[in-house]
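Q: Given next are the chains, with one letter for each unit.
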Amino acid sequence: MADDVTTPEETVVDTTGAASAHPALAAVAATVPSAVFDVVLGDPVARVEREDYLALFEALEDEGFEAFSDLCVVDYLHREIGRFDVVVNLLSHQHKVRLRVLCAVPGNDPTLPSLSGVYPGANFYEREGYDLLGVTFTDHPDLTRIMLPEDWEGHPLRKDESVGSVPVQFKGSNKVE
Amino acid sequence: MTDPSDVAHGEAPDNGAEAPVTAPETGAEERRRLHDVWMSGTEAPTRSGHFTSEAGQEMLEEEEGAVLAQQRGTLVSDDYLDDIESDDDERQILNMGPQHPSTHGVLRLQLELIGERIIRAKPIIGYLHTGMEKTAETLTYMQGSTNVTRMDYLSPFFNELCFSLATERLLGVDVPPRADAIRVLMTELNRVSSHLVWIATQGMDIGALSMMIYGFRDREPILDFFERTTGLRMNHNYIRPGGVAADLPDGWRDDVVSIIDLVTKGVGEYEGILNANPIFIERTQSVGVITPEECDAYGVTGPIARASGVDWDLRKAFPYSGIDQYEFKVPLGRHGDTFDRYIVRMEEIKQSLGIVAQVMDSMPDGDWRTGDRKVTPPPRARIDQSMEALIHHFKLFTGGFGVPAGEVYQAVESPRGELGMYLVSDGGTRPYRLHVRGPSFANTQALPVMLTDSLIADVVATLASVDPVLGDVDR
Numbered sequence: 169m170a171d172d173v174t175t176p177e178e179t180v181v182d183t184t185g186a187a188s189a190h191p192a193l194a195a196v197a198a199t200v201p202s203a204v205f206d207v208v209l210g211d212p213v214a215r216v217e218r219e220d221y222l223a224l225f226e227a228l229e230d231e232g233f234e235a236f237s238d239l240c241v242v243d244y245l246h247r248e249i250g251r252f253d254v255v256v257n258l259l260s261h262q263h264k265v266r267l268r269v270l271c272a273v274p275g276n277d278p279t280l281p282s283l284s285g286v287y288p289g290a291n292f293y294e295r296e297g298y299d300l301l302g303v304t305f306t307d308h309p310d311l312t313r314i315m316l317p318e319d320w321e322g323h324p325l326r327k328d329e330s331v332g333s334v335p336v337q338f339k340g341s342n343k344v345e
Numbered sequence: 073m074t075d076p077s078d079v080a081h082g083e084a085p086d087n088g089a090e091a092p093v094t095a096p097e098t099g100a101e102e103r104r105r106l107h108d109v110w111m112s113g114t115e116a117p118t119r120s121g122h123f124t125s126e127a128g129q130e131m132l133e134e135e136e137g138a139v140l141a142q143q144r145g146t147l148v149s150d151d152y153l154d155d156i157e158s159d160d161d162e163r164q165i166l167n168m169g170p171q172h173p174s175t176h177g178v179l180r181l182q183l184e185l186i187g188e189r190i191i192r193a194k195p196i197i198g199y200l201h202t203g204m205e206k207t208a209e210t211l212t213y214m215q216g217s218t219n220v221t222r223m224d225y226l227s228p229f230f231n232e233l234c235f236s237l238a239t240e241r242l243l244g245v246d247v248p249p250r251a252d253a254i255r256v257l258m259t260e261l262n263r264v265s266s267h268l269v270w271i272a273t274q275g276m277d278i279g280a281l282s283m284m285i286y287g288f289r290d291r292e293p294i295l296d297f298f299e300r301t302t303g304l305r306m307n308h309n310y311i312r313p314g315g316v317a318a319d320l321p322d323g324w325r326d327d328v329v330s331i332i333d334l335v336t337k338g339v340g341e342y343e344g345i346l347n348a349n350p351i352f353i354e355r356t357q358s359v360g361v362i363t364p365e366e367c368d369a370y371g372v373t374g375p376i377a378r379a380s381g382v383d384w385d386l387r388k389a390f391p392y393s394g395i396d397q398y399e400f401k402v403p404l405g406r407h408g409d410t411f412d413r414y415i416v417r418m419e420e421i422k423q424s425l426g427i428v429a430q431v432m433d434s435m436p437d438g439d440w441r442t443g444d445r446k447v448t449p450p451p452r453a454r455i456d457q458s459m460e461a462l463i464h465h466f467k468l469f470t471g472g473f474g475v476p477a478g479e480v481y482q483a484v485e486s487p488r489g490e491l492g493m494y495l496v497s498d499g500g501t502r503p504y505r506l507h508v509r510g511p512s513f514a515n516t517q518a519l520p521v522m523l524t525d526s527l528i529a530d531v532v533a534t535l536a537s538v539d540p541v542l543g544d545v546d547r
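These protein sequence lines map, in sequence, to chains A and B.
Reading the first sequence from the start, the letters are residues 169 to 345 in this note's numbering.
Reading the second sequence from the start, the letters are residues 73 to 547 in this note's numbering.
Bound-form chain B, shown alone (with noise of 0.2 Å):
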């Protein structure tokens, strides 16, 4: 007689006669209940559930043209094995994450199997958003960076850099040569810390648990000595519009030699661990592919293009902060794979810490911040004896600068690929409008071309190759 979810509700809907279900009355929203609260006494449910769903963000069992090409990945070029025979019973849509220990964040990858091979995925993000974007709208320029240092955590000096040379542009302001170095030296230096970041989970994925160990290991120095440059391991906001937030500290020569001997010895040891690795290369060599023209396509860039073979690094193509006047190379792969990937990045630690051995060698004197009283608070010693400095000051951390009305797009070679962000100035102290193109949320929009076609087992290898930061996928 009585349905078991009204028994669930207790004694409120005693009358039995229409119990006062919301539910919306589509197929699978049906199967969950709402969660309502129920209070003694009363007719009616004194807080009501509230549904949110992905429904239609989700894979279907039955999909048509080109949301079917999307999910197999074969919209630019078809390299797809057309031999699928099965009948209903091998296939499953399969739902990897989430939370999952292996997509690097909250990414939520639905896969359609028949049995071991994936015949279609989907990539389905968001479950980090925090509106970011207009979190941007409501701090001033001299905040701005301590909101987009926290969209890539793994890398958040690229983040800020962007952002200042985004407002630079359009303040017309010109950072002196002391700040373009240490902005080249952090910057550097938090791509190798990054990829080392990437070394230690793609190792551990895959079953190699000492590269875990290695990777962060050697990602420790690295990131001591940014806590004692900026007063943060991560989120470091060290970089600013107008230069940089402090000088660098005494003894930091001393700091980054011993930083890239660590480092070059680790990438040995890596390298001596991996290269001949059978079981290394059969995990990754001819797994997630992707070819030039998907790339370009997709708009991924970084490691993973280069990968593939696309010569492309904005540090040579649109150089920023005066990267142009070190020497690096930019290595390239030629079959796209998880192997290639893995290749590419131990080189470009490699490069990277050749430029930062040029930057200190090249550490020009000066100051580190611009000497624009409009955009850099005055020297503390100033203030007492100047009643300009005060005003500055004041004005500064109040209102903040104003920044002539125009928009600019500036991009920088993170360690994942094109950074960029589209600034858009009403001339007020605030962004009228911040868009982040962030490399990961066109890497992950690619997944379903590397991972269609190969098996189970793969996916963790490719996802972890593609090494998506879900912080700057969804914002």
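One chain only, chain A, in its complex shape (with noise of 0.2 Å):
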């Protein structure tokens, strides 16, 4: 009886694959059990379902990832998971540890909730990401493009977005009648 319980716990800690990406990361795949924990090129890198997402970040800064460093959205056009990718990494200093979160949210509705809350650094990024990608943090505090004009139509960072050019006039170009 003892041992049938036991089991399926350790394999959820197994299928989540937190305790062999860093033994720091095992108490976060207890909170949010969602979450699937890998090993990328030698750096560890969780994806996590959009409903869990705040919970896993507010499971890490308790957990010694203090340190917020980097937040980019990636456009994957024609996706079945998703089409954007929200991509969040995060330092530890004390386990001397980088995390690299992986959100998958799709194209009809490309909302998330901001981190701004937990980490006020990812203001900034979050508005990066409204602006050239179109993906809507939402509570997020002041939500305005950064790089482009207010009135700047569409999210050039998008792969459907046309690059755009600028006329040129070649005059007294030798025009082939």
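The hints are simulated quantities; they were obtained by calculation from the structure and are not laboratory data.
Since the model is a prediction, treat every value here as computed from it, not as a measurement.
One or more of the hints may lead you astray.
[Claimed, not checked] Listed next, the stretches of chain A that the computed footprint assigns to chain B, with coverage defined by at least 3 CB atoms under 8 Å from CB atoms of chain B:
{"id": "1", "stretch": "234-247"}
{"id": "2", "stretch": "261-270"}
{"id": "3", "stretch": "279-288"}
{"id": "4", "stretch": "303-316"}
[What the hints assert, rightly or not] Below, simulated BS3-like cross-link-like pairs (lysine-lysine); rule was C-alpha separation at most 27 Å, straight line:
{"id": "5", "chain 1": "B", "residue 1": "Lys401", "chain 2": "A", "residue 2": "Lys264"}
{"id": "6", "chain 1": "B", "residue 1": "Lys388", "chain 2": "A", "residue 2": "Lys264"}
{"id": "7", "chain 1": "B", "residue 1": "Lys401", "chain 2": "B", "residue 2": "Lys422"}
Glycine included, every Cβ here is placed at the ideal spot set by N, Cα and C.
From the two separate chains plus the hints, produce the assembled complex.
A: Here's what the structure looks like:
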């Protein structure tokens, strides 16, 4: 009986791969069981569902990942699990480890909770993600464009956004009639 | 009778019934007139003006909640002295920049003042945005380093190094020891030259004009050495995926020895001028304070975080290019103010010169780029002899090399902090996405924490000590 109870718990830890990615992540995986951990090119990487996105970061901050490092959005245009990936990099000074968290966001509803309540440093990065790729971070205190003018239309780093061109008049060129 | 704006438009709206003004109806923009161009005899403007506006990004007279906390810098630790008593006559919102000599580029700061005291601050950026991340998606991996080197233009070698390391990790390519040593040599010299620009501008901004002359004077031999090695004083495109572009020039040891001697002597001079200078101390100590907790939460890295006591240097934590085989120490401050940033950076210059001296003594022989012909073009002499060499050369310079699909985040310790690049490859010869985590971007974001509750005169001193490079902020 006791074995039957403990075995599923161990398999849960194994499937998330948190302990093998880094020992410090085991407690996080217990708090947010849906997060899947892996090691990519030597870096611990976590993939989390949108519903558990905020909960994972709250757990990570409690677990010693106190330093916010980076947030960016990648557009994978025709991908099944969601068009956008929001990629967050965190640092833990005490564990000396960098963790990358990925969260897929569907293209027809590109919204995600803002991290700026947990890490104030996410503020500018989320504004950049909104500005250049059009992912809306809900509960962001000041979600305005940051790089482009306020009246810019579109989100230029999206893959379906045309690059655009400036017409150049070649005056006096030899016309072929 | 006639409206002045109609007169300005000339004869076109002569009927006066309804002028085709297409200005937006929001309050702030009503004051501005569109620059319509009217040709005589036409009914409508031939070219219509176009507003660009930062209205939504600007600071409002009244903000609330988290926005106010952001602008006051009280999100992490509330050390704000909330004893403001004023009437509206004393409050004003002041725009500093984007064209202001001490904003180090095109940074714009909005400051709310009561008298001389700063109540709120908001950095507004984007004036130098040129879409370099988008450009990177259209350039091959060989061309990519020409693009990234222009981002942080005071430390171009670090941009190239970061991009090259990220590409090499995806490729699984190791570079020869000599390439690693040359990379460390160039980047550490670059750290010295970048810090010399910082000490020059920091001194100039708070009135020590001789520092400006000294800093640029001592930076010059370093740039001369860069020019001899790479062909250019800035934007070198020297560190490339697979190694470096060329070997060090003849007589490079003499150049490096003279640089070390000169800068060591120069640093002594700067410390003689500044360390006990009562004006410098008054203007920097306890100015622009940021705590270690705030540094972590805002993503502030580099000398600013180390001046607050955050013991974190990527060269020690995640060593790259074999920098862990050289001995150096990480200087730390305790107060997190402008003076500690000065102390930390001066010490970093000395430590970097120590690394440079060690690299010079232990420079290994051998090739300076990988022998993998899929990444590195063949030597010129081989092209005349070998058909395969010619094919490799042709393929590399027409199509570039493919990089296995995957994603990687690579970070290096630039003079301003953690410079990271997130590189996504879909297997092609161009990056699918390149995101650059510029250290200045995060450091600029934390400016309200350092600025609020201080005096307007301290803005210039604090901003100079943050040392933002706007090419890195806006990209």
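Q: Each hint: holds or not?
A: Verification of the hints:
{"no.": "1", "hint": "234-247", "verdict": "holds (count 8)"}
{"no.": "2", "hint": "261-270", "verdict": "holds (count 4)"}
{"no.": "3", "hint": "279-288", "verdict": "holds (count 4)"}
{"no.": "4", "hint": "303-316", "verdict": "holds (count 7)"}
{"no.": "5", "hint": "B:Lys401 <-> A:Lys264", "verdict": "18 Å, holds"}
{"no.": "6", "hint": "B:Lys388 <-> A:Lys264", "verdict": "10 Å, holds"}
{"no.": "7", "hint": "B:Lys401 <-> B:Lys422", "verdict": "10 Å, holds"}
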